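Keeping their order, the protein sequence lines are chains E and A.
Here the first sequence is numbered in my numbering, starting from 45 and rising by one per residue.
Here the second sequence is numbered in my numbering, starting from 266 and rising by one per residue.
Just so you know, the hints here were simulated from the structure itself, not pulled from any lab data.
Not one of these hints is a red herring.
Okay, the calculated bits of chain E under chain A, using three or more residues with CB under 8 angstroms as the criterion:
1) 51–59
2) 252–259
Distance windows between CB atoms, simulated:
3) A/Leu326 - E/Val328: 28 to 36 angstroms
4) E/Phe235 - A/Arg432: 45 to 53 angstroms
5) E/Ala231 - A/Tyr268: 30 to 38 angstroms
Predicted, not measured: the structure shown is a model, and the values here were computed from it.
Where is the CB? At the ideal position from N, CA and C, for every residue including glycine.
So you can see what is in the structure, the chains are spelled out below.
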Amino acid sequence: MSLAFDPQRWWPAPLLPKGDGRDWTLLFVVAALSFLASLAAVAGLAGQRATLGWRTELTGSATVVVRPSGTDTPDEAAARAEEVVAGVPGVAQALPLDAAKTQALLAPWIGPGGLPPDLPTPRLVAVQLDPTAPASGAAIRQALKAAGIDADVDDHSRWAAQIMRAGLAVEIAGAALFVLIVAVLGAVIAFATREGLAARREVVEALHLAGATDGFVARLFQARFARAAAQAGLAGGALAVLVAVFIKLAGTGDEQLTALLPIAWTDLAAPAPFPLLGALVAAVTARLTAMSVLAGRP
Amino acid sequence: MRYGREPEVLKDISFELPRGSFHFLTGPSGSGKSTLLKLIYLSEQASRGRIEIFGQDIALLKRKDRPLMRRRIGVVFQEFRLLDHLSVFDNAALGPRIAGRRPADYRSDIADLLAWVGLGDRMHAMPPALSGGEKQRLAIARAVINRPDILLADEPTGNVDEAMAVRILRLFLELNRVGATVLIASHDTDLVARSGMPSLTLDAGRLARAPRFDPVGEA
Ligand SMILES: Nc1ncnc2c1ncn2[C@@H]1O[C@H](COP(=O)(O)OP(=O)(O)OP(=O)(O)O)[C@@H](O)[C@H]1O
Ligand SMILES: [Mg+2]
Numbered sequence: 045m046s047l048a049f050d051p052q053r054w055w056p057a058p059l060l061p062k063g064d065g066r067d068w069t070l071l072f073v074v075a076a077l078s079f080l081a082s083l084a085a086v087a088g089l090a091g092q093r094a095t096l097g098w099r100t101e102l103t104g105s106a107t108v109v110v111r112p113s114g115t116d117t118p119d120e121a122a123a124r125a126e127e128v129v130a131g132v133p134g135v136a137q138a139l140p141l142d143a144a145k146t147q148a149l150l151a152p153w154i155g156p157g158g159l160p161p162d163l164p165t166p167r168l169v170a171v172q173l174d175p176t177a178p179a180s181g182a183a184i185r186q187a188l189k190a191a192g193i194d195a196d197v198d199d200h201s202r203w204a205a206q207i208m209r210a211g212l213a214v215e216i217a218g219a220a221l222f223v224l225i226v227a228v229l230g231a232v233i234a235f236a237t238r239e240g241l242a243a244r245r246e247v248v249e250a251l252h253l254a255g256a257t258d259g260f261v262a263r264l265f266q267a268r269f270a271r272a273a274a275q276a277g278l279a280g281g282a283l284a285v286l287v288a289v290f291i292k293l294a295g296t297g298d299e300q301l302t303a304l305l306p307i308a309w310t311d312l313a314a315p316a317p318f319p320l321l322g323a324l325v326a327a328v329t330a331r332l333t334a335m336s337v338l339a340g341r342p
Numbered sequence: 266m267r268y269g270r271e272p273e274v275l276k277d278i279s280f281e282l283p284r285g286s287f288h289f290l291t292g293p294s295g296s297g298k299s300t301l302l303k304l305i306y307l308s309e310q311a312s313r314g315r316i317e318i319f320g321q322d323i324a325l326l327k328r329k330d331r332p333l334m335r336r337r338i339g340v341v342f343q344e345f346r347l348l349d350h351l352s353v354f355d356n357a358a359l360g361p362r363i364a365g366r367r368p369a370d371y372r373s374d375i376a377d378l379l380a381w382v383g384l385g386d387r388m389h390a391m392p393p394a395l396s397g398g399e400k401q402r403l404a405i406a407r408a409v410i411n412r413p414d415i416l417l418a419d420e421p422t423g424n425v426d427e428a429m430a431v432r433i434l435r436l437f438l439e440l441n442r443v444g445a446t447v448l449i450a451s452h453d454t455d456l457v458a459r460s461g462m463p464s465l466t467l468d469a470g471r472l473a474r475a476p477r478f479d480p481v482g483e484a
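So here's chain E without its partners, still in its complex pose (with noise of 0.2 angstroms):
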């Protein structure tokens, strides 16, 4: 019954038993620390995207309220007013809004009534900036009052900055998020080291008699969860990728999920590096743990 062995082709086999019970509850924690680290990238990322659109679409406009003066109708102080702010450098469009489009949009605050024609209502002209090098809402300003026209410039720009605001505090979340799974990632793996240490106390001993270094023994349980933490992290990943693929496929034709998370193909390829990140905290972990462990001993 004597299997063939032949030591010519004989190759050292792992020093730590493979496969202790344990491992499987540490696999599952790492996968799903891994899970949520690539979800949050994900998001994150889409996120960043749908603010900075509506940040350009807010600063890609403002909005000329003119109140008519003097001799001028309304009509004709909302046509001069267009015509001085399409000659600022910087604006691409001004489109005065008539009496009826700044009726419906003052309905909700007057009723449907509407005001008395002869009323001298403020008219509306919406601008649209150049892109390359927008004209700003001072440059406009300006350019009304050297005009002679009173009116009020709206830029966006408290929107805009409120926006971007916003944006800060989800990135410095998202980045709080990523210290937080690293570090519990850390203290995961150094309380399976330490495990791993007092499991493998006879294991460990041995080698120490045979001559062999903290390095060498710390090596090992390095090795083994770097291993465990790259396998986990690529199985969390893979399902946030799956998860991520899954909502924006369910996006599709949903405008208001489309432009709250609009994940694009190249977002799925951020949590590729987490793995092999994962792994690189497991191995520092592993080590630095066995190192002070086995300097306490005996």
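Chain E is already provided as a structure; the job is to place chain A with the ligands on it using the hints.
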């Protein structure tokens, strides 16, 4: 030397083993033979006294320097201490592997040595599937594979028949002939007598008989 707060297990022991010498360590069960060997292979630390190995006071040895000293000491443990999850071959390869040698450089040596101790067709087996005597022979192979400068063996012939015991003794004598300092704890008075080698005798933790006395290695 004492374990924890127990009474002293070894006391007032002074001896020196010259480089390249061969000694047996005898004495009744519980007299402290294994404990004395543990002190030498750096598994236990003396609670008082002084031990020098290769002219170095081991109490002053730094942790990082211990592995190199241990690699020069081959040990056959009384309880073998084989790694149950590794094959016979892998167990025997432990020393060279830890020393960082390349498998291609030592695998034939291991195959030869295992064949020599009668484990030639058990190289692939796992220790739990070995008989007591087979485990013992594997422990011996593992201890000598790296040609240690000091060989310590704790009851190395306790589980083998007389013919194998003689064979093992010959191996130890051969290692000694090429320069190793050998110390063997043994109950086997026949074997001790047959070897014609001197012995140190422990009795209740004291050195009852020593071939030469030299106050250097007090433990
Ligand atoms: N780890 C330990 N903790 C406490 N006491 C110990 C320990 N190991 C050994 N002893 C005690 O030290 C004494 C000497 O033990 P030791 O194993 O050195 O004897 P020995 O001469 O090798 O005996 P044997 O011939 O049976 O192997 C015994 O009384 C034993 O009970
Ligand atoms: Mg003993």
